Every structure is written in structure tokens, then in C-alpha cells.
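Undergrad: The primary structure of each chain is shown beneath.
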Amino acid sequence: MSGLSRWAGLGALAIFLAALPQALPNNYYVDVAVLACFNAIICVGLNLLIGYAGQISLGHAGFFGLGAYASAVLVNSYGWPPLLALLAGAAIVGLMAFAIARPVLKLKGHYLAMATLGIGIIISIVINTEAGITGGPDGIAAGPFSIGSFKLAGERDWYWLMAGLLLATVWLATNLVDSPVGRALRALHGSEVGAEVVGVDTARYKVMVFVVSAVIASVAGSLFAHYTPQLTPTKADFFKSIELVTMVVFGGMASTFGAIVGAAFLTMLPQVLTVFEDYEPVILGGIMMGTMIFMPKGLVPTIAALFNRRRP
Amino acid sequence: MSMQAWKILASAAAVAFTAAAGPALAADPIKIGSFLSATGPASFLGDPEKKVLEKYVAEYNKAGGVAGRKIELVLYDDAGAADKASSFVKRLIENDKVDLIIGGSTTGTTMAAVPLVEAAGMPFVSLAGAVVIVEPVKKWVFKTPHTDRMAAEKIFADMKKKGITKYAMISENAGFGKSGHDETLKVQANYGMTLVADETYAPKDPDVTAQLTKIKNTAGVQAVINWGFGQSPAVVTKNYKQLGVAAPLYQSHGVASKDYIKLAGDASEGVRLPAAGLVVADQLPATDMQKAVCAKFQKEYQADFKAEASTFAGHAFDGLQMALAAISRAGSTDKAKVRDEIEKTSGYIGTGGTVHMSATDHMGLNLSAFHMVEIKKGDFALSD
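Heads up: the sequence lines are chains A and B, in that order. Take 1 as the starting number for the first sequence in our numbering and just add one per residue. Take 1001 as the starting number for the second sequence in our numbering and just add one per residue.
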């Protein structure tokens, strides 16, 4: 992506996000938009790892959950200010991701998937069973997000915060992708041996991108803990991890805007499909399968390619 | 997705829903919203609740509705996830603009809904068990099931009759089990009971032999109480039998369904538990006011679904009846009036017991709502 189209994309996203609330008739729609923003932020981070560096993570909900629970527990049980708890959560997750990244990222393919899966499941089990701290399956309430005397209340306030954060995340991600780091990551995706031969310290870059994506998930998690009235462990479980990876793959790997589209689409779809009641999972599965069969590169890259081909 | 497409999808959804609801509905129906855990780990709660709500709303409509208005049920499945529940509650309040909400199969999903209904001023009848839902009293929140504290009191009363003073407890470390555990500790002193062993396990543990061995080896255990939901009480019961623990085993009202007996098999013989009249409807004395209500509900449920109605099905039935009665008394769906009328519910005889609500009691059941039952020959037998 050239510098110009990056700013164009960012600008288009900003205009879209700014205009969106005008079209949303009530707070329920805003709520769905906020949830889509949450997922989009995590997916943009995850896409750096999966799409650009070519490393799979099936445990990202674990990092999201860890950030969320760090905030909820520190604010609820220890009375920390939310912002400090958020930073502490991000620091904990960052350190943890850094510690496990080296051994884990030595693995490839299925083995890497299994290792990250294991990490995610362990985090989920701890959250579920340490009921004395986390509240167990019943969950825990973190209360509203506040800085000093300013309290964030209502879906629309949250929307502006999350939309802003999404823009910042996209800016960060596209910046990273266009930098030497991004080129190193893509070289590493193409061929790890090849990248090493030309002098890319592959291990360092892999660790870096792993930590960055984990911290992004953690920050989103911390905020989510304040957004949801009750935080429960389902947000940190294996299925959430799969959902996140699906969003990235569905929208299109190695496409930052693809990750956003994937996240937004798959957040909305279950809400729209509730009208089919019992058939909902079948239809959801059908749409996913259809997309993967007919658009194996994901939604955005396929449509972009189609668009480019049509143009003379 | 562009805004246009989102709007088209949304309106398509609205059209599809209206079509599904049927053309027979007259203008301005009473809209009852519901979010239940019809699928997922808590589906043993949500599934019968969903069946009951759908069945009886259809029956009310066949009979002409309530206060001359048809009833429209808007029901979502939260799959037991609190965050989904909170989204659906926002949807019910903001988008579907329902008049009243009945739902929340689990304590987790209910507590996710509480701040939302309180802020919106939406009458809400919860179908979940824990005491925290109605204590402290929340203006807009009511509930139909018995609390875990009442179950603990009923068990202690039974123990006292048998001269038991020292007991052990084994409970799930979360949710219903944890809440039951804590409530038991709060009321034990009132009955002169002493806890001598306290063990916990995770809801999905396939084996609790280690914990039970510890209890077995503790001196002075005269009875054991198990707090759990779903599969775990059956696991405890089986392990209990395998270890040959001599002290009587008490279960909570959380296992008052035939599924528990099926899962635990022979090991469940002799287990005692507090249960609502519904599970022993045919054994109740003719003088019991609940007998007719329970027997009728049980018969209607079995005719439609070819399965025995669990107490959870009964909770949904009671919730719907009380809510519709309140709307009928209020003469409108004005939320404040309906809330006041639900709070004035008095003398309603339901499957869970006789309900007397008040400004300080948003559940309205007392200990008489529970019967002590014992499992004999694979069935519940009344024993008080």
C-alpha cells in the first residue's frame, strides 16, 4: 500500500465512522457498532500477526480476557483508577506475551496453532476456576470507565471513544506495515529462511509483532470490561479466539481494512440472523463456507482484485 | 459493509420478523421481551423456559389475549453468555420497545440485564435463582424461583429434625454452587449447625473423589450438602456412592428434575432435597392449594412436549402468569403501573408456591413453598 492510499483509506474510515451515528436509529444499533469497533481493534492487531507475519494465534481471546479481567479485578476489588488498571493490564499482558513469544514462535504451522491454543485455554481455565478473584462463570462488574471526575456513560460516548481508538489502531498498524518492520514481516511471511539470509532478525520481529498484537487485544479487553455490565469468562474462551481468527480470515488476510470489514460483518451477522431462530447457526455456517470457497483470499482482497481487473 | 447494506439487512430483518409473528396479530399488541439461555451449557434451564413462554403466549392469544390485546413475544437466545444477554436486553428495550421483560435463565445473564432495566425503567421478571438478584431490592427487578438461602434453610430444618448438628459441604466453586455455599454459611447459626468440612470443585470436573475422600475422613460429619447445577451433582452423587460414605447426602433444589435421577442412576437412591410442589404434584395432599395448579401445568406440558416439566419450566410459567395478571390489573402497559402491580402480587398460587410480593420482597415466596423430597425407586417421593 502506498503512502497516499494509506491516508486515503484512513480518511475514508474516519469519515465513515464520523457519519455512522447519524444513521443509527437507536442505542441498540450504536451498541452493535461499539461491539464491532472492539472486535475490529483486536482484529487489526491480530492481522499484523496472522496476515503480515504469517504466524497463527488461536489464543488471542486469552489476552483480551486477561486485559479485561486485570481491569475488572483491579478496579472492582482494589479500587484502582480505571486508566491505571488498563495500563497495568497492558503491561502484564505485554510481559507475558514477551516471555512466551520466543519459545512459542519457534514452532511452525500446526504446532504453533496448538501452542497458542493451549495458552488461550489455560488463561480461560484460570479465569473460570479462580472464582474468588474473578467471580467465576457468573462474572464480575468493573463499573463505568472514568478518568478523574469524568465518567463515560451511554453507548454514544463509548462509540466515539472506540471509533477514535480504532482509527488510532489502524494508523499504528498501517504505519508499521509500511515501515522497514513491515517489509521484514512480509519477507518473513514469504520465506523465513529467505528473510534470514538477507539479514532479517526473524525471531526479534516475530516476538515484536506478537507482543504488539497481544497488547492491543489487552487494551481492548480492559475497555470492554467497563463497557459490558457484567464481564464473564466466555469472552476469554477458545470460541472467542476462533471467532477473532475467523474475522481476520473472512475479511481478508494481510489487509488492515479487511480485518475491520470482517470484524464488523461478523459482529452484525448473528444479530441480523436472530430472525431465523433455530436455523441461525446453519445459515451463519453457510455464509462462512460460501465465502471461504468462493473468496479464499477473504472479502476485501477479492473484491479489490475484482475492482482492479474491471478497470482498464 | 456500507450503511445502505446495513439498513437493508435491518429492514429485511424487521420484515421477516413481522411475517414470522403472523398476520393475525391486531394492532398494538402487548410486547413481551425475553432473553433465555436456550442453547449452550445452561440450556437445561433455557430450553424448557422457552417452550413454556411460547406455548402459553400462543394459548393466551387463542383465548383472545389479555385486556383485549394480543401478546407478542420477542425472544432471543443468549446461549448463556452475559455479554450477549446485555446486547439482547438493549435490543429489547431500545429497538423492539417491549413492554416488559421475562427472562435471564442464569444469575450471570440476569445480572448483566439488571443495570440496563434499572436505567430504562423496564419491568423485569428474572428466572434465575441467586439471592443477589432481589437483595438489595431493585426497583424494576423481580424473580420467580426460590432462592438458594431458602433451600439451605429447608435443608437445615430437615437436619435439625433428624438431630444432625455437624455437616460437611461440597459445592461448585462458581455460579449457583458458590452462591448456595455462601448463603448456607450465613444461615447455619440460626439452626445451630456447624460446618466441619468445606470442599469445592469446578462445574465441569468429571470426578470429585478426592474432595469426597477428604470429607469421608473428617471426623464427625453427620450429613453432606452438595451445591451444584446440571451435571456436577450427578457426578458427586455417583462418587459418593462409590466411596460408600455413610452420612446422608442432601442436594439442592437445583437438581429437582428427572434428568438428575437419570444421570446419577441408582446412586441417587435415598438422596434428600428441597423441591417445589411441581415435581411431586400428584403426591401432594388434596388440601394443598398448589396441587391443582401443578397437576394442570404438568399435564399440559407433558401433552405438548412429551417430557416431564422441570421446576425451571414452572418458573417461566409463574413469571408469565404474574406479569400478565399485573398488566391486566394495571389496565395498560404503562411501565410504572405494571411495575407497581407486579409488586402488589399477593396470593398468586403458582408452581413454585404462593407468592406474596411487597416493596421489600421482590420474590414473595416463603419456606412453605418448598417440600422435602427423597429419591425412592428412581422417582421423587414427598417426605415431609
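Note that these hints are calculated values from the structure, not bench results. One thing to keep in mind: the hints can contain errors.
[Said to hold, decoys possible] Pairs of lysine to aspartate or glutamate, EDC-like flavour, derived with a Cα cap of 16 Å:
| id | chain 1 | residue 1 | chain 2 | residue 2 |
| --- | --- | --- | --- | --- |
| 1 | B | K1031 | B | E1269 |
| 2 | B | K1258 | B | E1308 |
| 3 | B | K1162 | B | D1182 |
| 4 | B | K1204 | A | E130 |
| 5 | B | K1051 | A | E277 |
| 6 | B | K1262 | B | E1308 |
| 7 | B | K1296 | B | D1282 |
| 8 | B | K1138 | B | D1361 |
| 9 | B | K1051 | A | E130 |
[Claimed, not checked] Where chain B lies over chain A, by a calculated footprint (3+ residues, C-beta under 8 Å):
| id | stretch |
| --- | --- |
| 10 | 26 to 32 |
| 11 | 229 to 241 |
| 12 | 248 to 260 |
Given the structure is predicted, the values throughout are model-derived calculations rather than measurements. Here a beta-carbon is modelled for each residue, glycine too, at the ideal position from N, C-alpha and C.
Undergrad: Is the coverage entry for the stretch 26 to 32 of chain A by chain B consistent with the three-residue Cβ rule at 8 Å?
TA: With 6 residues close enough to chain B, the hint holds.
Undergrad: Hint check: B:K1262 vs B:E1308, CA-CA at most 16 Å. Holds or violated?
TA: Judged against 16 Å, a Cα distance of about 13 Å means the pair holds.
Undergrad: Mind checking the alpha carbons of B:K1138 and B:D1361 for me, to see if they're no more than 16 Å apart?
TA: Holds: B:K1138 and B:D1361 sit about 10 Å apart, inside 16 Å.
Undergrad: Run the distance test for B:K1051 versus A:E130: straight-line Cα separation, threshold 16 Å.
TA: 35 Å, violated
Undergrad: Under the criterion that the straight-line Cα-Cα distance not exceed 16 Å, is the pair B:K1204, A:E130 satisfied?
TA: Holds. B:K1204 to A:E130 sits at ~14 Å (cutoff 16 Å).
Undergrad: Using C-beta distances, would you say chain B covers the stretch 229 to 241 of chain A, given that this needs three or more residues below 8 Å?
TA: holds (count 6)
Undergrad: Are B:K1051 and A:E277 close enough, with their CA atoms no more than 16 Å apart?
TA: 13 Å, holds
Undergrad: Decide if the proposed pair is consistent with the structure: B:K1296 and B:D1282, CA atoms, cutoff 16 Å inclusive.
TA: Roughly 10 Å between the alpha carbons, so the hint for B:K1296 and B:D1282 holds.
Undergrad: Is the straight-line distance between the alpha-carbon of B:K1162 and that of B:D1182 16 Å or less?
TA: 23 Å, violated
Undergrad: Does B:K1258 pair with B:E1308 here, judged by a C-alpha cut-off of 16 Å?
TA: Holds - the C-alpha atoms of B:E1308 and B:K1258 are around 8 Å apart, at most 16 Å.
Undergrad: Need the status of pair B:K1031, B:E1269: alpha-carbon distance at most 16 Å?
TA: 45 Å, violated
Undergrad: In terms of beta carbon proximity below 8 Å, does the stretch 248 to 260 of chain A have 3 or more residues touching chain B?
TA: Three-residue rule not met by the stretch 248 to 260 of chain A, so violated; n is 0.
Going down the numbered hints, you'll see the structure goes against 1, 3, 9 and 12, while the others check out.
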